[in-house]
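Generate the whole structure from the sequences, applying the supplied hints.
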Amino acid sequence: MSPVQINPVEPFLRVDRMPHIWCPGCGIGTTVNCFARALLDSKVDLKNLVIVSGIGCTGRVAGYVNLDSFHTTHGRAIPFATGLKLANPKLNVVVYSGDGDLSAIGGNHLIHAARRNIDIKVICVNNLIYAMTGGQTAPTTPGNVITSTHPYGTFDPNFNLPHLVEAAGAVYVARWTTFHVRQLARSMAEVFKKPGFCFIEIMSPCPTLYQRRNRMGDGLDTMKFYKEHSKIKNSAPTNEVGLTKAGEIIVGKFVDRERPDYLAMAHDQFAASLGDRYIDECAAGCGCGEDA
Amino acid sequence: MQADPRGVLTGTHFIDGDHACCEGCLAAGARFAAGYPITPSTEVVERFAMRIPTVGGSFIQMEDELAASIAIQGAVWAGAKAFTVTSGPGFSLMMEHIGYAAMTETPCVFVNVQRGGPSTGLPTLPGQADMMQARWGSHGDYGIIAVCPNSPQECFDLTIKAFNLSEQYRVPVMVMMDECVGHMTEKVVIPAADKIQVTPRRHTKAAPGAYLPYQCNGDGSLVPDMAHAGEGYRFHITGLTHDERGYPNMTVKVQDSLIRRLRAKIDSGKNLVEYDGNGLDDAEVVVVSYGITSRVAQRAIEMARAQGLKVGKLRLIVAWPFPEAVIAKLAERVKAFVVPELNLGQMVGEVQRAAGKAVKTIHVPHAGGGVHTPQQILQAIVEASQ
Amino acid sequence: MAKGTVSIQVERCKACGFCVEFCPTKVLALSSAFNAKGYHPPQMVTPEKCSGCDLCGMYCPDFAIFGYRLAGAGKEEDSNAS
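Those sequence lines, one after another, are chains A, B and C. The numbers in the working numbering rise by one with no breaks, and the one at position 250 of the first sequence is 250. For the working numbering, add 1000 to where a residue sits in the second sequence, where the first one is 1. For the working numbering, add 2000 to where a residue sits in the third sequence, where the first one is 1.
If you are wondering where the hints come from, they were derived from the structure by calculation, not from laboratory data. Remember, it's a predicted structure, so these values are computed and weren't measured experimentally. Ideal placement from N, C-alpha and C gives every residue a C-beta, glycine not left out. Please note: incorrect hints may appear among the correct ones.
[To be verified] Partial list, computed: chain C residues near chain A (C-beta under 10 Å):
| no. | residue |
| --- | --- |
| 1 | Phe-2022 |
| 2 | Lys-2037 |
| 3 | Met-2058 |
[Claimed, not checked] Below are the BS3-like pairs computed for lysine-lysine, each with C-alpha atoms no more than 30 Å apart in a straight line:
| no. | chain 1 | residue 1 | chain 2 | residue 2 |
| --- | --- | --- | --- | --- |
| 4 | A | Lys-194 | A | Lys-227 |
| 5 | A | Lys-227 | C | Lys-2003 |
| 6 | C | Lys-2049 | A | Lys-227 |
| 7 | C | Lys-2026 | A | Lys-224 |
Structure representation (structure tokens):
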């Protein structure tokens, strides 16, 4: 007989906090699974890996992974992550948050971090809704669906996140769904090797609020919906990948380009302007004077 | 421990309060700042932007104060000392993150070069109307520390003190300057690095696996030890009510013990009362003031003493926590307190509360945009002496 | 002998059905048993068809199941190195 196997994901979880709070059929746990496998496959140094999340159902990811993790304020995971990264560039900083957190209250920070090409990896779980607070409309919610703040149906246009972040300057933009577990894990592993602002959008079911209010079935029905309606179009122009209530879901790796990241540009600028006077040291390395 | 000489601009300088504050940050060991332009504070970070590439560290101008006030906390958890700088409208925007720093016990410094308010108010003119906001501005129960420089020299010295207190108490510390002190140019002496004491980060001595982020180590300070990201501790930090493990634990019991400790660690702080007192022993009237107003008050006190009045000076250096016990003790024997402020009544309420009903507290408000005249304060002193 | 098998942590399962649906060889079905929370966890109904591909493990949102290759059974791959 085989020896007793442990789930390869287990070391990545705070098992003392299991079971997690996510609903049956919610896809967030699936994304965390893929993330754990991406970490295993890419052999990322876990000591330097830091997770920063915002507020919301996806924001709870930080509390369940067995890594240095920060559950910050609503919409502000990205600037917190920016501070971490600039102060200690050796850190591998991942922002793991939801569509409302990242594109509504956090929208300004999203576009500026992309513009600056800060070397952080943003995993945006998009369930098209504000789930934690009871199912309010998000900037990503498509038209003509029922939410708690649009009880007669949404009517304002929704963001096309890949298009937004590409326009803002992201060097890596991909979208998958929780059905595309292998491709998702592969994308996640890929971004660890890519310096610069990387953005992975993951469509995920919210069976309790988004799907239920719109009679779209449960989590499994949504996964089947993703399977039926997704089309992999790598390098698709991002202006063509907008989402509607029941239409095609274009997935794939849309953008993978080269731009110097923020720290590289800062270094070059200071070196050119200051020459020998430039002290290229990180903030964390030289300020604190811990007596440890 | 001694300051890192790379950040210490030893020498005698003729600079304004904003610039002196920046030098204080550098001398204290700050190597990260994030900011957003706002008059009359911007010079602090402009100078930092110029200085830091030759010292070692980073400055980033963020897209708004919301971003700046939390970027600094990311830098702190990465291992740096960090600060941000703002004025009234930006201070309001930063309130949520001041609360986050208080809740997560993140040592950092917020400099507010106060201007006339409310709202856009008087961007280039002084005010002192954010004093209560410094104490109570974020939602929920928590404690903070605030210092009030009244000269460019103090902008240097008290900024170092602010960093030291923030590390000691693991709390955000406010440096409550005002536009006058910030834009006033005076002599500032910066000593040699080995004459400047800086408080190091309270880093845990426990090994990974044996470390709980919010467990006090039993030294009586009520302040837990810290770890940094990237050291292998694999800790979790959240703004949710949390237990010693750092995990969310949203129960009445945990809320009670956590929040009481956040208050108690400041309220019981041993080195937190600091004021500049003069002539208090035989005073009949005590003038309580801070910041630029204390400079005008000084003149008024001298004029009053020249008239034979027994007037004491109590200039707040640490404004929060408020020195209640000192005021209460004085209230046992003085006739009155006079409290001039560049606002319509903020710290005066604290004086009244501590002094009690038996003693008069005479308020000398000024809505801001300028400073009192010595005569205005003198008049109140004379009235108080009767 | 099957190439692989699965390990199920019954108490974590919320019976979402992902593993049942997406197993490429339809090894699993929700059982009639209950866990403590009242969910029907999956069970292997055709264990001989399990290849140990771990797709069930990748899909599971609750970390309640994973698949692994059995040693000495057919082609050995280290897809589940712990």
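Taking 10 Å as the limit, does the beta-carbon of C:Phe-2022 come near enough to a beta-carbon in chain A? Check passed: Cβ of C:Phe-2022 comes within 8 Å of chain A, closer than 10 Å.
Agreement of C:Lys-2026 and A:Lys-224 with the hint, judged by alpha carbon distance not exceeding 30 Å: At roughly 15 Å apart (the allowed maximum being 30 Å), A:Lys-224 and C:Lys-2026 satisfy the hint.
The hint names C:Met-2058 as touching chain A; please verify it with the least Cβ-Cβ distance against 10 Å. OK, holds: C:Met-2058 within 10 Å of chain A, min 4 Å.
Given the hinted pair A:Lys-227 and C:Lys-2003, is their Cα-Cα distance within 30 Å? holds, 27 Å
Would the hint linking C:Lys-2049 and A:Lys-227 be met if the CA-CA limit is 30 Å? holds, 23 Å
Is A:Lys-194 close enough to A:Lys-227, meaning Cα to Cα at most 30 Å? Holds - the C-alpha atoms of A:Lys-227 and A:Lys-194 are around 28 Å apart, at most 30 Å.
Per the CB criterion, is C:Lys-2037 less than 10 Å away from chain A? holds, 8 Å
Of the numbered hints stated above, none is contradicted by the structure.
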